[in-house]
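Visitor: Here the sequence shown stands for residues -21 to -1, 1 to 183, numbered as in mature numbering (1 follows the signal peptide of the UniProt record, and there is no 0).
Derived by calculation from the structure, the hints in this document are not laboratory data.
Some clues are possibly wrong.
Unchecked claim - Simulated DEER-style distance windows between Cβ atoms: (1) 104 / 34: 35 to 45 Å; (2) 49 / 26: 36 to 46 Å; (3) 85 / 120: 15 to 25 Å; (4) 32 / 58: 18 to 28 Å; (5) 118 / 56: 18 to 28 Å; (6) 95 / 16: 35 to 45 Å; (7) 105 / 13: 19 to 29 Å; (8) 86 / 23: 12 to 22 Å.
What the hints assert, rightly or not - Computed cross-link-like contacts, DSS-like style, restricted to lysine-lysine with a CA-CA straight-line distance of at most 27 Å: (9) 50 / 86; (10) 35 / 99; (11) 35 / 50; (12) 99 / 86.
As the structure is a computational prediction, the values presented were derived from the model and not from experiment.
Cβ coordinates follow ideal geometry from the N, Cα and C atoms, glycine included.
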Amino acid sequence: MKLAWSIGLALALLMPAAAFAQPAAAPAQPAPAAPAEMISTFRLAHGQGRVTLDSKLTQIAHDQAEAMAAKDVLSHEVLGPFVSRVAPAHAGQAAENVAYGNDGFPKTLTQWINSPGHLKNLLMPGASRVGVASARSAATRRTYWAMVIAGGYEKAAPQRPAKKAAAKSAAKPGAKSAGKAAPKPTPQHAPRDACHMKLLGLCL
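Assemble the whole structure, with the sequences as input and the hints as a guide.
Guide: Shown next as structure tokens:
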């Protein structure tokens, strides 16, 4: 009888401790790096300078991503020419990358790294600021991304638009690889109506 009473008392004393015991918390996972930091890390690894997040460039990227998602189309011209859209940033040089197909930025960055045109924009010499944004299409649930990277602020003329250097990236639905890059900009080429040869004052 005493033995049974002793066992019961011991169990009663142990039960409260068991009832209030909590499972051990899982170790905290580090938060993913912000897009600007990821781009900076990549640039530093390839001999280029760090970029910082810029509010104007972020707004330009946000407007572009929202417009692409609203129309469910991947295009640099969905809101007008890039040169016009980036002019308010007053940068001496600027470039834009766009993409769709991945919900997270790390995989989108990989798309651009694997595309020569986009890689050139990511490693733009003299770039110092960047803006990145994404938006999801209500119709297809695709996530559209836009990145605007710029530099040359100390040399930029107040009224002159930034040099255009845009490349696009597309991924087929469900695919993770980057699509074709847009043709490289050629602002240094002669205008279309320039003469190839002048003969007796005639433009040929």
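Visitor: The structure should be examined with respect to each hint, and the outcome stated for every one.
Guide: Evaluation of the provided hints:
1. 104 / 34: 35 to 45 Å: Distance hint for residue 104, residue 34 is violated at roughly 23 Å.
2. 49 / 26: 36 to 46 Å: holds, 38 Å
3. 85 / 120: 15 to 25 Å: holds, 19 Å
4. 32 / 58: 18 to 28 Å: Given a distance of about 21 Å, which is inside 18 to 28 Å, the answer is holds.
5. 118 / 56: 18 to 28 Å: holds, 20 Å
6. 95 / 16: 35 to 45 Å: About 24 Å separates the Cβ atoms of residue 95 and residue 16, which means 35 to 45 Å is violated.
7. 105 / 13: 19 to 29 Å: Roughly 22 Å apart at Cβ, these two residues keep to the hinted range, so it holds.
8. 86 / 23: 12 to 22 Å: holds, 21 Å
9. 50 / 86: holds, 23 Å
10. 35 / 99: holds, 22 Å
11. 35 / 50: Between residue 35 and residue 50 the Cα gap is close to 23 Å, so the pair holds against 27 Å.
12. 99 / 86: With a Cα-Cα distance of about 18 Å, the restraint between residue 99 and residue 86 holds, given a limit of 27 Å.
Checked against the numbered hints given earlier, the structure breaks hints 1 and 6 and satisfies all the rest.
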